[in-house]
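Input sequences plus hints: build the corresponding full structure.
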Amino acid sequence: MKKVSSEQLAVSSERKAVKRLCCLLLTAHCLLLTSGCRGEQSVLNPAGPQAGHVSRLWWLMFYVEAGVFLLVCIAVLLAIFRRRRERKKSGDEPDTSPDPQREQRMTRVIMGAVGMTLVILFVFLIASFTTGRGLYSPSDSQALSIKITGHQWWWDVEYDAVPASNIVHTANEIHIPVGQLVKFRLTADDVIHSFWVPNLSGKKDLIPGHEIILEFQANSPGEFRGQCAEFCGYQHAHMGLTIIAEPPDKFYEWMNGQRTPAAQPANESEQRGQQVFLNSPCIMCHTIRGTDAGGRLAPELTHLASRKTIAASTLPNTRGHLGGWIINSQEIKPGNHMPPVPLSSEELQALLDYLGSLK
Amino acid sequence: MKEEEQGLTTKEKDENAARRGEQALREGDLPEEEERRLLEKTWGDKPGFWGWVTSTNHKSIGKRFIITAFVFFALGGILAALMRIQLARPENTFLGPDAYNQIFTMHGTTMMFLFAIPVMEAFGIYLVPLMVGTRNVAFPRLASFSYWIYLFGGITLYTFFILNIGPDMGWFSYVPLAGPEFSPGKRVDIWSQLINFTEISALCASIEIITTAFKMRAPGLSLNRVPIFVWAMVIMSFMVTFAMPAVMTSSLFLTLDRLVGTHFYNQAEGGDPLLWQHLFWFFGHPEVYIVFIPALGYVSSIIQTFSRRRVFGYTALVLSMIATGFIGFGLWVHHMFATGLPQLGSSFFTAASMMIAIPSGIQIFCWIATLWSGRPRFKTPLIFIIGFFFIFVLGGLTGIMQASVPLDLQVHDTFFVVAHFHYVLIGGSVFPLFAAFHYWFPKFTGRMLSESLGKLTFWLMFIGFNITFFPMHQLGLQGMPRRVYTYLPQMGWGNLNLIASAGAFVLTLGVLVFVVNVLKSRRGGAIAGDNPWGADTLEWGVSSPPPSYNFFRLPVVQGREALWVRTEDAPVVEGLRTDCREILVTKTLDAEPDHKLTLPHSAPWPLMMGLAATATFISSCFTPWALPGGMVLAAIALIGWGWPKKKDEVCEPPPVEEMSDEERKREAARAQ
Chain W
2 MKKVSSEQLA VSSERKAVKR LCCLLLTAHC LLLTSGCRGE QSVLNPAGPQ AGHVSRLWWL
62 MFYVEAGVFL LVCIAVLLAI FRRRRERKKS GDEPDTSPDP QREQRMTRVI MGAVGMTLVI
122 LFVFLIASFT TGRGLYSPSD SQALSIKITG HQWWWDVEYD AVPASNIVHT ANEIHIPVGQ
182 LVKFRLTADD VIHSFWVPNL SGKKDLIPGH EIILEFQANS PGEFRGQCAE FCGYQHAHMG
242 LTIIAEPPDK FYEWMNGQRT PAAQPANESE QRGQQVFLNS PCIMCHTIRG TDAGGRLAPE
302 LTHLASRKTI AASTLPNTRG HLGGWIINSQ EIKPGNHMPP VPLSSEELQA LLDYLGSLK
Chain G
17 MKEEEQGLTT KEKDENAARR GEQALREGDL PEEEERRLLE KTWGDKPGFW GWVTSTNHKS
77 IGKRFIITAF VFFALGGILA ALMRIQLARP ENTFLGPDAY NQIFTMHGTT MMFLFAIPVM
137 EAFGIYLVPL MVGTRNVAFP RLASFSYWIY LFGGITLYTF FILNIGPDMG WFSYVPLAGP
197 EFSPGKRVDI WSQLINFTEI SALCASIEII TTAFKMRAPG LSLNRVPIFV WAMVIMSFMV
257 TFAMPAVMTS SLFLTLDRLV GTHFYNQAEG GDPLLWQHLF WFFGHPEVYI VFIPALGYVS
317 SIIQTFSRRR VFGYTALVLS MIATGFIGFG LWVHHMFATG LPQLGSSFFT AASMMIAIPS
377 GIQIFCWIAT LWSGRPRFKT PLIFIIGFFF IFVLGGLTGI MQASVPLDLQ VHDTFFVVAH
437 FHYVLIGGSV FPLFAAFHYW FPKFTGRMLS ESLGKLTFWL MFIGFNITFF PMHQLGLQGM
497 PRRVYTYLPQ MGWGNLNLIA SAGAFVLTLG VLVFVVNVLK SRRGGAIAGD NPWGADTLEW
557 GVSSPPPSYN FFRLPVVQGR EALWVRTEDA PVVEGLRTDC REILVTKTLD AEPDHKLTLP
617 HSAPWPLMMG LAATATFISS CFTPWALPGG MVLAAIALIG WGWPKKKDEV CEPPPVEEMS
677 DEERKREAAR AQ
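Chains W and G are the protein sequences, given in the same order. Note that our numbering has the first sequence beginning at 2, numbered continuously upward. Note that our numbering has the second sequence beginning at 17, numbered continuously upward.
Calculated from the structure, these hints are not laboratory results.
Where chain G lies over chain W, by a calculated footprint (3+ residues, C-beta under 8 Å):
hint, segment
1, 74 to 81
2, 111 to 125
3, 188 to 201
4, 208 to 216
Not the full set, but computed from the structure, chain G residues with beta-carbon under 8 Å of chain W:
hint, residue
5, P113
6, S389
7, T430
8, R499
Just a sample of chain G residues kept apart from chain W, beta carbon distances all over 10 Å, derived:
hint, residue
9, L268
10, V434
11, A642
12, V648
13, L654
Beta carbons: idealized from backbone N, C-alpha and C, even for Gly.
Printed below as a string of structure tokens:
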């Protein structure tokens, strides 16, 4: 806030109109500053080195450009208001041969302004290139590598591993270890999507037939929301994802848990639920490892109960929401590719018991 | 002998003789009043509906173009208001995803293809012949065709939209989403046919403007004296001619992929979805300069008039516009930074995108200098231009941010970009357009717009605009992506969206006041007179509205500010035929008289050609056989179009190379 007051002092000698403009700009600035402090999906609240680089570049450009904007506004206002009465009184006769000396003076000022513009642009260019280099560290083959495949309207997540039986397969919720660079291999199965977690990094597109690499790391544990940024059809608005950054030990514990097949039904109701699942259209699209369900068209459900949200970070993963989603997901995300599943109330309760046991 | 029996006067006899090709009536052969009557008869539209439909007068066509474009602007604005209602609250159910996606696609398509480009060209078609001092555009029938096909394209799109077959994949129509697999039905086909309609219309109008400005300028109007407005129109037209073929190709490929099963964009069969993006943005980025450069012409004209001095830095301004036109073609990849292109290549486009700030800066500085050393008169047009400075400069500055790859990867496809391009497009194009409309309205209609309502329009629009779009910068930084039909309450975007929606209504109110002003002033406004603003360009030297033949005598231009430097004894051109549509063609660089040319008469064939093309485009959404069928229809229309002139329409002068030296000298003397 110290900066703000000094800026206010600097402009206090200017005209009223100019002052009003400054206030507007400063208010805007304060809004931006304060907004950075909250929000789980914000560019101005970086939680990793990549997003940090970008946010520094942002503030550099913001301050310089705010100054430029202020100067231009002052120049325009002075140009139209200076010696207003005097100029108003002079006749309407058009001036076709302006005073050459004044023209020359103005030319010099304009050349100076153009020179300044060039310098500023050059600084921005260098800053931009430097920031760009900072984002792409030399590829570390040890880095954790995750393949993300975009689908209408959810994210398929695979943790690359050798041997292939160690691959962890999940959806929409990505756990990463804190302090480690993570490499994302981005591709899509249907249309173009864009993977964007603003607190951690800029976005990169997921394009069918292409693989695009995005690398970033989180510096502190936390949950960061992301969202698809490229228009991808009906439910583009509800294609969210969550990144959960955890200390490495916790992360590897999670990873080991995910590698195991689904828990066996522990009681009669869960057993009944498993039967419902396996006898319903669910298995056409979903996978639950350890059972006969092996569909690959929809999110993997092996450890569904361990996830915090359903429907691509749209609803919290509670029994009620999950039930509503199964019976008629079209109410929640109209146009999504999951058909309504007509179940009796007894079947639904059993199914929810079973799905709830898939920790 | 027969004529004498009928009791005809000598003049009427002369006229008839001229019509029979026996004797030519030239300027100066008749007294002024008679001659004006004859000119009106030669150049005017036939009366009634038929005359309206067949008109090839650039002013009738230009006016129709402008009105139609503003109707589409209003429709696009209504769609925007619907979107703002939907987004005002989180999880709002005012519009579902299907309706919202159609509406935002229609909004973008309307504003870009049915409003921005056509309205700029419309001003060119109306004003360029007047500003360069000639009697019509170079190819009047093409101008008429350009209007009809634009109108039919717009009507087609909206008809399908009302029938719930409106496009819903965004105005950028990215494949594979727009491809046959993910957009079954006819929605995308309608959209890609609309591209055909508008691109043909725009290409016709551009050729029109380039030829008129290069070959039909009044004697003395050498290139270094051409009004900046005309320069702007010429540069825009060149950009259209080079940019439009790219989108034509891309939409043709899309149609083929969808209709006959080619695989240009299908990665599974060796195509590539990125091909679409390159082709589309190779058009799409110049597109924003196509709508921005004419606005620079308006700004220069208006600032010059209302500062009461010649504009500062004419050469710098013209060269800056040309530079913008060139650089505009080297930026398209900055729409594609997120597609994982090689870094080195992206850096080139970062530098190019930042470079465009230099010519823009030069222009802003020159205008400020003009205002600084002039004597500004605060009429509505100038006030809109001052509004333009604040809004456009802010939009330009956020544009520089997005030139930087790392920063763009954060803000790309968010509301930050929505804010940015509305600042540059509304600030950079719509505000100057409103200024231009208030400025030239007296010329179009002969009546002044109300100053107080004009100023009210400005303040409502200026305040409404900033309330609507400024918060969007912050929404983008807080992570709100574009093109979402709703958002979750816990995202914390509700309040800023509510503010934006409230602003949209103030903005709408401003446009409503504008409409009221136009309707009221059209009949009841103060009589304008020839030159109400004391402006310098040639159109202000004729009556308001101008007569069908524009100039009683073509002027001879003596300096850059044609009317300001005109002397009492300024020469005029004499010797053009008054009984047929003869015009003077001059040399490109120095506008020395070259030869005379007859322009074609009014005809229904442009309309027929428009109908033939419309039938072809609509039916080719359904079957490839539309193409051969349409060729037959077009051939019929073209045969009518090119049918040799009737005898009484011809006034062929001998070609220059066949003139004797003496004749040439005489022609030159007449022209001086």
